[in-house]
Each structure stands twice: as C-alpha cells, then as structure tokens.
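Engineer: If you want the building blocks of each chain, they are given just below.
Number of protein chains: 2
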Amino acid sequence: MTRQKKIFLEESEMPKQWYNLAPDLPTPMNPPLGPGGVIVTPEMLAPVFPMNLIEQEVSQERWIDIPEPIREMLVQWRPSPLIRAYELEEALGTPAKIYYKNEGVSPAGSHKPNTAVAQAWYNKEFGIKKLTTETGAGQWGSALSYACAQVGGIECKVYMVRVSFDQKPFRKMMMETWGGQCVASPSTETQAGRDILAQFPDTPGSLGIAISEAVEAAVSDPTGETRYSLGSVLNHVMLHQTVIGQEAKKQLKKVGIDKPDIVIGCCGGGSNFAGISFPFMYDKINGADIQIIGVEPTSCPTLTKAPFVYDHGDVAKMTPLLAMNSLGHNFVPAPIHAGGLRYHGMAPLVSAALRDGLMEATSVHQSECFEAGLLFAKTEGIIPAPETTHAIAQTIREAKKAKEEGKEKVILFNFSGHGLMDLVGYNKYINGELKDYAYPESEIAENLRKIEGYPMPK
Amino acid sequence: MTRQKKIFLEESEMPKQWYNLAPDLPTPMNPPLGPGGVIVTPEMLAPVFPMNLIEQEVSQERWIDIPEPIREMLVQWRPSPLIRAYELEEALGTPAKIYYKNEGVSPAGSHKPNTAVAQAWYNKEFGIKKLTTETGAGQWGSALSYACAQVGGIECKVYMVRVSFDQKPFRKMMMETWGGQCVASPSTETQAGRDILAQFPDTPGSLGIAISEAVEAAVSDPTGETRYSLGSVLNHVMLHQTVIGQEAKKQLKKVGIDKPDIVIGCCGGGSNFAGISFPFMYDKINGADIQIIGVEPTSCPTLTKAPFVYDHGDVAKMTPLLAMNSLGHNFVPAPIHAGGLRYHGMAPLVSAALRDGLMEATSVHQSECFEAGLLFAKTEGIIPAPETTHAIAQTIREAKKAKEEGKEKVILFNFSGHGLMDLVGYNKYINGELKDYAYPESEIAENLRKIEGYPMPK
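Listed in order, the protein sequences are those of chains A and B. Numbering follows our numbering, with no gaps: position 107 of the first sequence is 107. Numbering follows our numbering, with no gaps: position 224 of the second sequence is 224.
So here's chain A without its partners, still in its complex pose (with noise of 0.2 Å):
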C-alpha cells in the first residue's frame, strides 16, 4: 500500500490562533446598523451576546488567540482528517486531485462544534449561566447542546421549528442526550410564540420565529444569566471555524501540494465555507492563484442572484441591519432538504469576500446534490449531509472539467457533515420522489421592496 488516504495532523499541530479576514478585506466592512440607521455599538449587543464575544464580532486584528480550555475541547474531534478521494477520483476517471477536509467526525456529525464548544465556553467566562438559541433541522441546537455538556454549568435552551421538530425526533432526543432542552417554536413560554400561536394556531414555525423566541427567552431573564447564541451568520462565528482551512493548509504541505487550484465549499448561512476558505483567501490577497467556490441551492441564490444591501437577519426584524446578500428578510424558502441552506441572507463577510472579488459562487439543484451524494457514498463511504451534497456537486463539475482539459488540478472541498440523521433526501431521490426547485428574480424583486429607504452598503 503506497498510496495514503487519509493525512492526520498531531494535535500540537492544531491551529493555536483563529484567522479574522475582516482587515484584510481589500473595502472596509460596513457596520451593522441599528433604528434610526446608527450604528450598533458594543454596548447595544450586550444584552443579547456576552462583551467578549462582542469584541471578537467587531475585531480588526487578523490573529486571535485560541483559549487554551477551547483547544482542550476541540481536540476531542481536531485536527479533523483530510481525505485523498481516490475512489471517487477513479469513478470519474479524472486526473483531478480530490481531497476533502471530514468535519464529519466531530461528536454532533459537523463542523457546528467549532464555534459552539467556543460560544459555550465564552459564554460561561463571562458569567452566564443559560444559552437559547434557535434550530431547523437540528444540527446547530445539537451542536450547542453538547458543547454546553462539554463546559459545564451552562443550561441550553432550544428552540426548533415545528414542523422539523416533529419530522425529526432524533434531533431531539440528540439534544437531550447531551443534556440540553429542546422545545417546539412557536411555543407558549414566549410572548413573541404565544402572539403566534394565538394568530395561527396551526403554524408549522419558521426560523424567523424561532429566532424571535430565542432571543426574546435570553433578554428577558431577570437575573441577567441568560444570552442568546447564533451558529452561522456573524464574524465571530465564521472566525471560529477558521481551524478548517488552516489544518487544511498544513495537511496539503505534508503531501507536498503548495497550494490547492480550487477551494470549494456549501453555503447557507456562511459559516463552513468560510472555515475551508478564508485562510485560502489570505494567500489568495497575499498573491496566490487560487480559485475559491461558494456553493448554493439554485432554489436560494442569496450569492447568485440577491444584491449586496441592508437587511434584517430574521423575519420578525428584531436583528440589526447586515450588509450582506439578501433575499429579503420575508424570503420563504422552497422545501428542500439541505435544511441548513435555506437562509435568505449571507454571513456578511462572505458577501464582502464576494463583493470584492476573493470568491465566486455557483449554484446547483438539489437532484444533482443527491446524485453527487450517492456516487460519493459508494465511492468514499461516507453519506453526506444533503448540505455538503452541494461542495460535492461542484467538485464533481471541476473534476469533470479538468478530465476534459486533461489539467491535474488540486481540488479541496469541505465535507461538512455526514448525513446519518437526513436521510430521507436520499430515500426520496433514490424513489424518483425529489423535486427542484428555482427561486424566480421576480419574486427577489418583490422581496427588496420591503427593504425599499434601507441605508445602502458601501
């Protein structure tokens, strides 16, 4: 056997800082803005996030130390491996050189747990005794329920929508395992679900909702324990998982490759695209030749085809307002099976990344995702999230071009989870039972009226 599969890091080699792509951007980033159209201040966020995360959310230094408790935790699962994917290289029959990085292997089955087991743990070094939050199909209250068990002395509470929170029970018991409390939103221990309920008895939920009721739940509490927790979307989430692509980078030195030719990575909220890339875009504004990919469903094209402007992160608009790309804040989406990629709006940073030229994006239908999906589970083993489906596609598209232009690109892709706990996407697919689904510019259109007198990003 001369061939190696799999490239392993020692845990001393994990990264010790997390990379900030904010003041390297090439424009300024814009700031959020609160009513009136002024700009949020720390001191504003304090109710809702602790003061230490709230200086990682407005940073400007490119290099922040990871705690060392965080690292503790985290090498329970990191360094995560990276994968040769010479089976699927052979399927394809490309001269393409596939590597994957497995945030598969993390205890909640994804990347989530980079930034939770860190939100959890600043959370508790300030003082907070509770942390609510919101989840569709589950992944993120997973992951933050266990990253709760893991800190210790911190409650957590979340919030699900209803409708996946009766299709999916196993998410929930997930969270109970782990210790935290899973409730279906909207529910009666709000203000914000019970005005709800009273008005739509029968609502299945919506994150929006759920959103709502979270951050209501955290600042509402008398004692002043309690704050909110978000896990994609904002800087300091995305700076969290920026561990992937900086494992990732040293992981390809050891097998002699310098640089990959193409980084590739899924896109909902913005959060593991943004862990495998943005350290490539450090090299790449540093001068290197590589060609960073974001990708989406074609039925929510927040990068494809929404505009770069001000708006809400939630329906309820109880959010500041983020410059990012934006489907509009009343953007309901298709009922896809890539749960964690149905979100109107982009993590501002990415949209900034995509602004100023450091990525592109593409994006697929959810029938070439599962196809992409099944061939990669035969081949490699593993059974993608109908999310990482979507990384997994477009690598197969530029494994397919490089056959064609006989090139031996080096193609990285972030596997971001397995798919162990959403496999009726498959099931569905594999009956001829899927549909596909394009979100119409019409209805973008319509959307951005509502943000019609918004402030406009720079």
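In short, the hints are calculated from the structure, not lab data. Take these hints with a grain of salt, some might be off.
It does not matter which identical chain is used: a pair holds within one copy or between any two.
What the hints assert, rightly or not - Below 25 Å or equal to it, Euclidean Cα-Cα: the simulated BS3-like pairs (lysine-lysine) are:
1. Lys124 / Lys5
2. Lys435 / Lys305
3. Lys6 / Lys254
4. Lys450 / Lys6
5. Lys253 / Lys16
6. Lys400 / Lys5
7. Lys259 / Lys16
8. Lys5 / Lys259
9. Lys250 / Lys124
10. Lys317 / Lys428
11. Lys6 / Lys250
12. Lys5 / Lys249
13. Lys6 / Lys16
14. Lys6 / Lys249
15. Lys458 / Lys305
16. Lys450 / Lys250
17. Lys403 / Lys5
18. Lys5 / Lys435
19. Lys16 / Lys401
The model shown is predicted, which means the values in this text are computed figures rather than measured ones.
Using the hints, position chain B against chain A.
Structural biologist: Then chain B, alone, in the frame of chain A:
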C-alpha cells in the same frame, strides 16, 4: 496542551495479518456437527459460503495475510483512533487511565465493516454475484451494503426483522443509499417466509426467521452465484475483527504502555469483543497478566448463566450444531435496546476462551448501561450505541474499583459503535420509561430440554 487525547497510527502501521486464536487455545476447538452428529466438512458448507472463507473458518494457521485490496478498503477509516478518556476519568475522579478504541468512525458507524469488506471481497474473488444476509437492528445490514458498494459488482440483499424494519426506517434508507436492497422479514420471497406468513400473518418477525430466509435465498439460487453472509459468531468473522486489538496494542505502546491491566468488550455474537481481546489473549497465553472481561445484558446471560453445549445457531435449526454457550435456540429475548446483544448463543471461539479461563464474563442491566452512556456522551462527547454502553458500564465499575483501591490501572475498552441511529433508548431512559429484565434461570433449564440428547462438546 501537553496531554494527548487521540493516538493515531499511520496507514502503513495497520496490521498486515489477522490473528487466529484457534491454534492457541489450550483445549482444541470442537468441530461443528451436522445431522446425525457427523462432523461438518468444508464441502458441506460450500452451498452457503465461498470456499476461500470456509478455509478461513476451519484454519489452524495463527496468522493469515490480509489481501492488499482489503487493506485499501480498510484504510477508508482505519487505523481507528485510540482515545484517552480524560474527561470521563475526571468525572469519575479515578486514578485509572481509560482508553477506548473508536470503531464508530467507520462509514456504517460500528466495527461491522471490518468483516463486511473482507467477506464481500472474498465472495467476489470466488465469482459470487450476490450476497444475502439478515439484520436485526440494522447495523450489520448497513455494513454489508456499504461493503458491497465498495467492492463493486456484487448485489446485497438484506432480510430485516419486520418489527425493526417498521420502527427503524432510517436503517433501510442507509442500506439503500449504498445500493443494498432491504425487505421486511418474513417476506413473500422465500418458502420459509411464505410459510410463516400463512400461519402468522401479523408476526413481527425474528432473527431466526430472517436467517432462514437469507440462507434459503442463497442456496436456492439456480445460478449458484449467491452466497450467505453472517456478521458475527463464526470463526472467520472473529478473525477479521482482530485488526482492532492489534492496532490498540501498537497505539498503547506509542504512549509507553506495555500492556493494559484490563480489556473490556460487550458481547452479543462475540465479534467486537473478539476483535479487541483476542490479540491480548495471545499475550495472556504467552504469560502476560491481563484481565479480559466480556460484558453482556442481564436479560441475555449467555456467558454468565448458560452452559457450554452443542446447539443450533438459529431458531429454525438450519445451521449445524456449534459448540458454544447457549441459552437454547428457542430463547426469546426481552425487548432491550441493545439489539445486537440479544442472541441466544455466543461465538464458539469466545465460548472456548471462557471455558479455558482466558477471559471472564459479567452482566449489566440496561438502565445502568444507559446511565453510563449518558455520562460518556456528556464527558467524552460521542453518543455510544446501546450495545457499546455495556462495555462503558463495566469500565466505569472497574474505574471506581481502581479508585477505591487507589490503583492506577490501565483500562482499555472497545467503543464498538456510535448511537446516532439508536437514540430511542436514551430518550426512554431520560423519561424514566426504561425497564430492566433478568432472564430467569428456570427458563434456561426449560430451553435446554430442547437440546437434550444432542452431543456434548469436550
């Protein structure tokens, strides 16, 4: 960070041979017996298994080379990590050093693929085009589906006990994602299935019936290109699992540990236990002082209460008589959640090891197991399969004992699989709905009347 959590081996350090305990047993193995007590010859097994696997089944060679193509499949997830359970140790306040071998990292989530890829490959080499098997909870059916996809050009047909088929739709989806075919058993596809359905149209099925169907489907294929595959019990299955213990030995040496004081594995059919323990039994036979403990459910006390006898491997008496510990082939298991530990018999090799004093055995109630599983999930992060929690419960008992005695013992256990597909048991435990069952000795005596007059092993 000075402490090291995970101990990896290079792919080149993966064992090149399997270890066969049979020639090292102090007392020779008792051969399987056919009708009339005649010794079963390899030729008699030929309609059921390919000859290359039958050769392994009866081999007296101590070391058997692992073919290179099998090693290339194994490296998709092997060598598996050995992990120091620092967080669990801290929670227990024990001076013991606890290490676990994480077999949950395989694509199917358990140790089962170790033998599945080997069996699929040997069958293909022998010209077989289709494999049939049975599955209870679904671990083995998933593993064999995965393995057939890996080997390529070999179909996989799984007969899944109806009650599990209905309760665990995700396991079926998992098999189908890898291209396997899964039907509820009893089915209308076999005579055995049709007979049962005619008599009991509403039967929930049983492993015994599913085995009968799978064997019938294999031996009745007129092309002669179908064989049957079994995920535990048989000698060649134990053999294929010995990569686990061999790797663990090397990994312990890397952190300066010459030998563990205690080796623990859970026991159903015996394969994950054999995998971790047989290489250490080799050392024990050669003078090392190692305590080796098999752990089973109190509801299925094959090692702790049942005698060493000749009995059938299945309810329908289609298999030869095997010399093993048996609760009687008509044993009906209590509905505990560790579906993989509900078998009436025990691998002949494990039974012989117990008889010869190479190991000891103990039993645990499932509520103690789930309590242990929850503590493990909260400390070490990974949610264990219900089967695996038996090994963890015993590890915790030993770690507490080491604390009482003030001894810094090294405990190694096999983390046979993760529990992401089996969260219902945790849910019931958390909600106080879990029952414990002890199997009455009077019923064992009653069962054993069925095998009165069978030959007795030496």
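Engineer: Run every hint past the structure and note whether it holds.
Structural biologist: Checked hints:
1. Lys124 / Lys5: For Lys124 and Lys5, only the inter-copy Cα distance (23 Å) is at most 25 Å; the intra-copy one is 39 Å.
2. Lys435 / Lys305: within (21 Å within a copy, 55 Å between copies)
3. Lys6 / Lys254: both (11 Å within a copy, 19 Å between copies)
4. Lys450 / Lys6: neither (49 Å within a copy, 52 Å between copies)
5. Lys253 / Lys16: Classified as within; 18 Å inside a copy, 28 Å across copies.
6. Lys400 / Lys5: within (21 Å within a copy, 40 Å between copies)
7. Lys259 / Lys16: within (21 Å within a copy, 34 Å between copies)
8. Lys5 / Lys259: Close inside one copy (18 Å), not across copies (29 Å); limit 25 Å.
9. Lys250 / Lys124: neither (32 Å within a copy, 39 Å between copies)
10. Lys317 / Lys428: neither (35 Å within a copy, 39 Å between copies)
11. Lys6 / Lys250: both (13 Å within a copy, 19 Å between copies)
12. Lys5 / Lys249: Both. Shortest intra-copy (16 Å) and inter-copy (22 Å) distances satisfy the 25 Å Cα cut-off.
13. Lys6 / Lys16: Answer is both; intra-copy 22 Å and inter-copy 18 Å each pass.
14. Lys6 / Lys249: Classified as both: same-chain Cα gap 14 Å, cross-chain 21 Å, threshold 25 Å.
15. Lys458 / Lys305: within (19 Å within a copy, 77 Å between copies)
16. Lys450 / Lys250: For Lys450 and Lys250, the Cα distance exceeds 25 Å both inside one copy (46 Å) and across copies (64 Å).
17. Lys403 / Lys5: within (21 Å within a copy, 41 Å between copies)
18. Lys5 / Lys435: Result: close neither inside a copy nor across copies, 35 Å intra and 45 Å inter.
19. Lys16 / Lys401: Classified as neither; 37 Å inside a copy, 38 Å across copies.
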